[in-house]
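Chains A and B, in that order, give the protein sequences. Counting from 276, one number per residue, gives the positions in the first sequence under the numbering used here. Counting from 26, one number per residue, gives the positions in the second sequence under the numbering used here.
None of these hints come from the bench; they were simulated from the model. Check each hint, because a few of them may be wrong.
Stated by the list, open to error - Here are the simulated SDA-like cross-link-like pairs (lysine to any residue), alpha carbons at most 20 Å apart as the crow flies:
id, chain 1, residue 1, chain 2, residue 2
1, B, Lys102, B, Lys135
2, B, Lys142, B, Val153
3, A, Lys343, B, Lys110
4, B, Lys135, B, Asp98
5, A, Lys343, B, Met103
6, B, Lys135, A, Gln346
7, A, Lys343, A, Ser355
8, B, Lys115, A, Glu335
9, B, Lys135, B, Leu123
10, A, Lys343, B, Pro119
11, B, Lys102, A, Tyr306
12, B, Lys135, B, Ser105
13, B, Lys102, A, His308
14, A, Lys361, B, Glu138
15, B, Lys142, A, Ala363
16, B, Lys117, A, Ser331
17, A, Lys343, B, Thr106
18, A, Lys300, A, Phe290
19, B, Lys102, A, Ser355
20, A, Lys343, B, Leu99
21, A, Lys328, B, Pro119
22, B, Lys142, A, Gln356
23, B, Lys135, A, Gln360
Stated by the list, open to error - Among chain B residues calculated to face chain A with C-beta under 8 Å, some are:
id, residue
24, Pro85
25, Leu86
26, Met93
27, Glu94
28, Thr97
29, Cys107
30, Ala112
31, Gln114
32, Lys117
33, Glu118
34, Leu121
35, Val133
Virtual Cβ for every residue (Gly too), placed ideally from N, Cα, C.
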Amino acid sequence: MEGIPNLPPHLQGEFMRNLENIQMKDSLRLYNHLVQACFTPCVTSFRSKSLDKYESSCVEHCAERYIKMTQRVGLRFAESQALQQKRAAEAAAGGK
Amino acid sequence: QSASCTPLKGGHSSSCLPYHSHHSDNHNNPQPKAHQDPSQKHCTMNFFGQKEEQPKGPDPLFAATTEMEMYTDLFNKMASTCFSKCASQKHKEPDLALGEMSCTDRCVAKYLEAQEKVGIVLQRANEVQAKQAQALADMQNAMGGR
Numbered sequence: 276m277e278g279i280p281n282l283p284p285h286l287q288g289e290f291m292r293n294l295e296n297i298q299m300k301d302s303l304r305l306y307n308h309l310v311q312a313c314f315t316p317c318v319t320s321f322r323s324k325s326l327d328k329y330e331s332s333c334v335e336h337c338a339e340r341y342i343k344m345t346q347r348v349g350l351r352f353a354e355s356q357a358l359q360q361k362r363a364a365e366a367a368a369g370g371k
Numbered sequence: 026q027s028a029s030c031t032p033l034k035g036g037h038s039s040s041c042l043p044y045h046s047h048h049s050d051n052h053n054n055p056q057p058k059a060h061q062d063p064s065q066k067h068c069t070m071n072f073f074g075q076k077e078e079q080p081k082g083p084d085p086l087f088a089a090t091t092e093m094e095m096y097t098d099l100f101n102k103m104a105s106t107c108f109s110k111c112a113s114q115k116h117k118e119p120d121l122a123l124g125e126m127s128c129t130d131r132c133v134a135k136y137l138e139a140q141e142k143v144g145i146v147l148q149r150a151n152e153v154q155a156k157q158a159q160a161l162a163d164m165q166n167a168m169g170g171r
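Using the sequences and the accompanying hints, generate a full structural model.
Have a look at this one:
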């Protein structure tokens, strides 16, 4: 599945563990980034301690939109990578 | 049914990264470019049966891990940039509008193309620098030999 970087088999287990660590770090980083990215446009006044209903729905919508956009970006990224791989494989095959 | 991106799910770390093995609509694992094989360390015997030194190079596990981190970073920056450029900051609806979605597609395509071009410029700069370093080393060797 992820034997991409041509690692010898005895290193692949460790690589998978590293990959999981990276993904865990990234999930937490995403969380903080998302909070900041949504707080900035949505919350503009500080008359009260709690979010009013507009700010609250704005923050929720923002988070949902960001996640949907991230999924879409991931999809297009994967397509582009697959296309690139295909071209590289064709070039390699054609070169022989 | 879409893959969740919340980090707070107990134990199991989900992510929106396209190469995560549990991503629900991951039909094609994106593969990093094949041109950067981490150098494989192995012992070779030369013609006289003496062990040659292991080729020096970046540790393959570290190289692979770093490459994954690079892709993670690329993905995060791309998603963040395209979000700030394409999504209206009003956030009235929980869904993306059609225009925002096509903007996203184009943003991704342009971002990756820009990344390629920057990569080429960087590579050229590295080559020039390497040549200069080599020329300097040669000159020092020639002078040192006297």
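Handout entry: Violated hints, by number in ascending order, as checked against the structure
Key = none
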